[in-house]
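**Q** Listed below, chain by chain, are the residues.
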Amino acid sequence: MRRGNIIKLVALVLLVAAAVALSIKPLVDPVKGILLGLDLRGGVHLVLQAEQDKKGTAITRDDIDKAKAIISNRVNDLGVSEPVVQADYDKKRIIIDLAGVTDPDKAVDILKTTAKLTFRDPQGNVVLQGDDLKDAKGGQGQGQGFVVNLTFSSNGAKKFGDLTTKLIGQRLGVYLDDKLLTNPTVNTPILNGQAEITGYDTLEAAAKDAVLMRSGSLPVSMSIAEKRQVGASLGVDSLNKSILAGLYGLIFIFLFMLVFYHLPGFVADFSLIVYALIVLWVFWMFRVVLTLPGIAGFILTIGMAVDFNIIIYERVKEEIRAGKSLRAGVESGFSRAFITVIDAHVTTLIAAVTLYAFGTGSIKGFALTLGIGILASLFTAITFTRLVLRLTVGINPKMNTRWFGVRRDV
Amino acid sequence: MEKTGHAATYEEVQKLHPLYFNIVKKRYWWFAISLLIIIPGIISLFMQGLNLGIDFKGGTMLDVTFNKAATQATITDTMKSVGLEGQVQLSNGGTTALIRTVALEESKRNELLKALETKVGPYNKTNLKEDKVGPAMGQELTRNAIYALIIAIGMMIIYITIRFQFVFAISGIIALLHDVLVVIGIFSLFQWEIDSTFVAAILTIIGYSINDTVIIFDRIRENEAKMKRTDSYEDMVDKSIWQTMRRSINTVVTVLIALLSVFILGGESTKLFSLAMLIGVFAGAYSSIFVASQILFEVKKHMKKKPRKGGKVIRA
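If you read the protein sequences in the order shown, they are chains A and B.
The number in my numbering is simply the position in the first sequence, starting from 1, with 109 added.
The number in my numbering is simply the position in the second sequence, starting from 1, with 22 added.
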């Protein structure tokens, strides 16, 4: 019995140590690891609000869907890993999260372009609409420099053919709203719907214009209702500071538990490591995006996870004082503490769920970490803490109760 | 329930704590202390309100780190040159400027940044922080927060009523409102700025406060069931509070350790958030020990009196 328990405990400690060692790499992997919010690695968060035109035409679900598709298209061209584009049909909004984007200014520049694409003749008359354009791509030209390749729809190809025949030798302006994007000269009539705009110095410049042309016009005009932008180095700074804060918090809690609860304090610290590991893996599994308030919520749940241990140990102490044996004390203390904790945790969980349902943005992330933390702390206490406590007590049932912080003389 | 030994008596519980004193008897003192903090806060709320950030009011906030120290005047002048007005707050030896103004369109925002770069000096682009919130979004946040609060409180009342009694639920909720009022009052008194994370902090305080209170209520529920006819409810409540005292203190200490480390090491952006939590958790621990159970006792005392007049005896 005794030796068996010691072996089991040692095996458990080794197992947890191995789990910690093996977890670090996959969890902090920049690409596949836990997702960090834009406040922790820089980036931009945008809420675009669809606005009714002057005539007051209703905005349909379809409009929002189309706008979302176009915006997703633009976002994908930015080359951000795991961009988020969500549609809020009720409020007629599109929410964009670009964490880790290197040049947020440029990203916003491309995204906010809600303008209508038009082709105009030298007199400024609109001769072709953006809807007729099927595709636009930046690329290497045949000669020097870079080009934008345009592909028109069959209808557009016909119109473009007529147009280029008429405007030969003249300039054909490409406009986004009233902003001139480029003003190429028509060299030959283009009848097959495949045009090429030459004269770009860099591929980047060509690609940027191509993106703007390709995305064409959004079905509704959109304004930026909310924008949060964080510089990359500022994000890294916040991340480092929060990790440091978490680390120091943990160390002091560990020491506190050891000083006040001796042997069970050690069990509590051990359980805390398992708890933190479970929470982080759950974040990883469900692709929870970790934000600053999220980290704060996580640190708070560490406090609550410790609370569970404190309640158990205080109860065990009481049971032993009431004359129970160590083992009986642990068993009844544990089950009684569990009833206590369930009620307390469920009430907090109710708050977390309400927050998640009604909160927006970072509040949602915070509620999620809080909720996951509460459930994980229950799970860890029921499975792990109980097992370790039983094994520890089982080593020697006549173990000095002083190790549990109980003074027999009282 | 106990097969061996016996449950601790009131006297034993008293002896176990070197600092024992009767908490329930002194309850009017505790109420007075609470009011001493809450009333100035409420007066301040009516007089000067809260210092609402752009998350609620709408606006643009730019956090610019210049390469060289800047002055308040040059920044304000630069803003005027592009037709803008607003607050400027310098820190870090004048290199970091926090600029608040109305919600800016992208073109206006770029114009301002360009003007700052040429007139004030170059700034670190990777350190730029910007928040823009349209006025409608701010109202939505406030509305959602109030909805969340009402729904959460309603659901918690239902849960506690089912698991305990309605009186427990009401006492717990009063203690919880106490904590919220303390935090909001102090933030109003000192005019600390409130942003969206403050809402998260308040809602967490609610979660924590009720959690803390329920632990003590659980003990009262347990002891209430074991009460004999001659036992006084007052003593039973006092005993329950002291039986859970170690836990109450140790838990709040660990949570405060965690929050203090976030407050001290967590950087500027989490400062006010962790400060709100620190105050709230402290108030939560106080109200759990000194307020919630005493309110419960007061209500029970009055409930007990009334039926007696009707000639019926109900054990509270």
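Errors might be hidden in some of the hints.
20 angstroms max Cα-Cα, derived EDC-like pairs, lysine to aspartate or glutamate [unchecked claim]: (1) B/136 to A/346; (2) A/215 to B/162; (3) A/317 to B/290; (4) A/288 to B/127; (5) B/130 to A/214; (6) B/293 to A/212; (7) A/215 to B/244; (8) A/177 to A/218; (9) B/147 to A/218; (10) B/136 to A/240; (11) A/288 to B/128; (12) A/288 to B/133; (13) A/433 to B/244; (14) A/288 to A/214; (15) A/350 to B/33; (16) B/136 to A/218; (17) B/147 to A/241; (18) A/200 to B/162; (19) A/215 to B/290; (20) A/433 to B/133; (21) B/147 to A/214; (22) A/215 to B/128; (23) B/130 to A/240; (24) A/175 to A/271; (25) B/147 to A/346.
Far from chain B by the CB rule (all over 12 angstroms, computed), these chain A residues [to be verified]: (26) 158; (27) 190; (28) 277; (29) 396; (30) 455.
Just so you know, these hints were derived from the structure itself, not from any lab.
These numbers were taken from a predicted model, which means no experiment stands behind them.
From the three backbone atoms N, C-alpha and C, an ideal C-beta is built for every residue, glycine too.
**Q** Evaluate each hint against the coordinates.
**A** Tested hints:
no. : hint           : verdict
1   : B/136 to A/346 : violated, 25 angstroms
2   : A/215 to B/162 : violated, 29 angstroms
3   : A/317 to B/290 : violated, 36 angstroms
4   : A/288 to B/127 : holds, 17 angstroms
5   : B/130 to A/214 : holds, 13 angstroms
6   : B/293 to A/212 : violated, 27 angstroms
7   : A/215 to B/244 : violated, 63 angstroms
8   : A/177 to A/218 : holds, 17 angstroms
9   : B/147 to A/218 : holds, 16 angstroms
10  : B/136 to A/240 : violated, 35 angstroms
11  : A/288 to B/128 : holds, 15 angstroms
12  : A/288 to B/133 : holds, 17 angstroms
13  : A/433 to B/244 : holds, 19 angstroms
14  : A/288 to A/214 : holds, 19 angstroms
15  : A/350 to B/33  : violated, 49 angstroms
16  : B/136 to A/218 : holds, 15 angstroms
17  : B/147 to A/241 : violated, 39 angstroms
18  : A/200 to B/162 : holds, 11 angstroms
19  : A/215 to B/290 : violated, 27 angstroms
20  : A/433 to B/133 : violated, 76 angstroms
21  : B/147 to A/214 : holds, 10 angstroms
22  : A/215 to B/128 : holds, 11 angstroms
23  : B/130 to A/240 : violated, 30 angstroms
24  : A/175 to A/271 : violated, 29 angstroms
25  : B/147 to A/346 : holds, 14 angstroms
26  : 158            : violated, 7 angstroms
27  : 190            : holds, 18 angstroms
28  : 277            : holds, 36 angstroms
29  : 396            : holds, 21 angstroms
30  : 455            : violated, 6 angstroms
The structure fails to meet hints 1, 2, 3, 6, 7, 10, 15, 17, 19, 20, 23, 24, 26, 30 from the earlier list, while all remaining hints are met.
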